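Chains as they are written, first to last, in this note's numbering: chain C, 1 to 226; chain V, 227 to 312.
FYI, nobody ran anything at the bench for these hints, they're computed from the structure.
Possibly wrong hints are sitting among the right ones.
[Unchecked claim] Residues from chain C that face chain V, not an exhaustive set, calculated with beta carbons under 8 Å:
(1) 25
(2) 61
(3) 94
[As the list claims (entries may be wrong)] Beta-carbon label-pair distances, calculated as ranges:
(4) V:235 to C:108: 19 to 27 Å
(5) C:73 to V:270: 23 to 31 Å
(6) V:229 to C:200: 54 to 62 Å
(7) V:260 to C:10: 35 to 43 Å
(8) C:70 to V:301: 19 to 27 Å
(9) C:118 to V:311: 55 to 63 Å
(10) V:228 to C:2: 23 to 31 Å
(11) V:245 to C:220: 36 to 44 Å
[Stated by the list, open to error] Chain C regions said to be covered by chain V (calculated; three or more residues, Cβ under 8 Å):
(12) 160-170
(13) 195-201
Quick caveat, the model's predicted, so the values are computed rather than measured.
Just so it is clear, CB atoms sit at the ideal spot from N, CA and C, and this is done for glycine as well.
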Amino acid sequence: MNVGVVVFPGSNCDRDMFHVLSDVFNLNAHYCWHAKPLPENLDAVVLPGGFSYGDRLRAGVIAAHSPIIQDIKKISEKGIPILGVCNGFQILVESGLLPGVLLKNDSLNFMCEWTNLTVENNKTPFTNQFELNQKIPIPIANGEGRYFVDDETLDQLERKNQIVFKYDQVVNGSSNQIAGVCNDDGNIVGMMPHPERAVESEINPHDNKPSSLIFESLLKKMGVNN
Amino acid sequence: MVDYCVHVTIENKPGISDPEGKTILNDLVLKGTHQNVSKINTAKMLKFTITENNKESAQSKVREICDELRIYNPMVSVVTIDAFDA
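Given the sequences, and given the hints that come with them, work out the whole structure.
Below, the structure is given as structure tokens:
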């Protein structure tokens with residue numbers, strides 16, 4: 001199974017994601033430079049975290065105009081699973097592939113800490129191995145992580161089951177404590193926390209199993225026995 | 227064709243919280259002697275220099291650029307565009 005890890009100028013979690021995909025879950029990970037066309041043989045795509053273009057203008061907005069985004073739009077229409085983590089989530093939002101916007105945290109601080117998520121939708125390619133409401137201890141590391149949608153869009157997200165993860169307490173002022181959402185079809189998921197930093201027991205002081213289920217869900221979706 | 231200076235001011239829509247503005251108000255201005263200040267909103271300003279036929283077309287062209295490239299996010303921000311002679 002081939003998974004693309006998109007690299008923008010300023011991505012800095014691309015190697016962590018590549019390592020987790022290839023060394024922990026035995027997938028064929030491929031770096032995909034943002035200015036080149038997306039390879040055609042990919043079964044899934046991950047937009048990793050970091051600071052594309054130094055967060056200039058607004059986190060994710062400049063990367064959202066990268067040539068590769070048009071290719072990602074095209075393959076997303078075929079139902080290929082796409083995951084955006086942190087800055088990857090910001091890029092998906094700014095490119096219109098996911099609803100909402102990510103604003104500066106209420107505290108105005110860069111927040112680097114462990115949080116607890118609850119799984120609100122276990123039907124996506126990245127959550128199908130979870131129980132509904134299952135908890136995930138997972139770290140965040142962002143300055144612009146406050147997910148915001150207007151009331152009308154929030155109603156729509158709830159009605160269409162597009163809220164994938166919520167924080168179990170107020171973390172940064174996000175609308176309804178939302179930490180991750182999906183598109184209408186469910187194949188594009190964006191989340192602010194970093195699963196790639198939580199799947200190995202060596203660097204997870206809590207429980208690395210729940211975060212692992214994000215990747216195991218992808219394996220399940222693709223019919224891969226790991 | 228002449229150069230025009232076009233100022234693009236991006237600020238939050240009413241109702242979108244602006245913690246930076248609140249901090250400047252509550253922890254700086256109101257802690258001084260300026261008790262008659264009731265609100266501070268932060269904004270980001272971009273200053274374009276653009277060559278156009280007249281001030282109106284300079285302003286409308288910059289608006290077009292802002293909309294096309296999502297220079298501001300219409301879900302949470304409003305933009306004010308003012309053109310001046312450069």
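Right, here's what the structure says about each hint:
Interface hint at residue 25 of chain C: violated, since its Cβ lies 34 Å from the closest Cβ of chain V, which is beyond the 8 Å cut-off. Restraint check, residue 61 of chain C versus chain V: the minimum CB separation of about 6 Å is within 8 Å; hint holds. With 8 Å as the threshold, the beta carbon of residue 94 of chain C comes within range of chain V, its nearest partner Cβ sitting at about 7 Å, so the hint holds. Checking the proposed 19 to 27 Å range against residue 235 of chain V and residue 108 of chain C shows it holds: the Cβ atoms sit about 20 Å from each other.
In this structure the supplied range 23 to 31 Å holds for residue 73 of chain C paired with residue 270 of chain V, their Cβ-Cβ distance being about 28 Å. Checked against the hint of 54 to 62 Å, the C-beta distance between residue 229 of chain V and residue 200 of chain C comes to roughly 56 Å, which is consistent with it. The hint said 35 to 43 Å for the Cβ distance between residue 260 of chain V and residue 10 of chain C, and at roughly 40 Å that hint holds. Between residue 70 of chain C and residue 301 of chain V the beta carbon distance is about 22 Å. The supplied range of 19 to 27 Å therefore holds.
Residue 118 of chain C and residue 311 of chain V have their C-beta atoms about 57 Å apart, which keeps the hinted 55 to 63 Å range intact. At about 54 Å, the CB distance of residue 228 of chain V to residue 2 of chain C disagrees with the hint of 23 to 31 Å. For residue 245 of chain V and residue 220 of chain C, the hinted distance range of 36 to 44 Å is satisfied, since their beta carbons lie about 41 Å from each other. Residue count for the stretch 160-170 of chain C with a Cβ under 8 Å from a Cβ of chain V: 0. That is fewer than the three needed, and the coverage hint is violated.
Coverage of a stretch by a chain is defined here by at least three residues with a beta carbon nearer than 8 Å to that chain's beta carbons; for the stretch 195-201 of chain C and chain V the count is 0, and the condition is violated.
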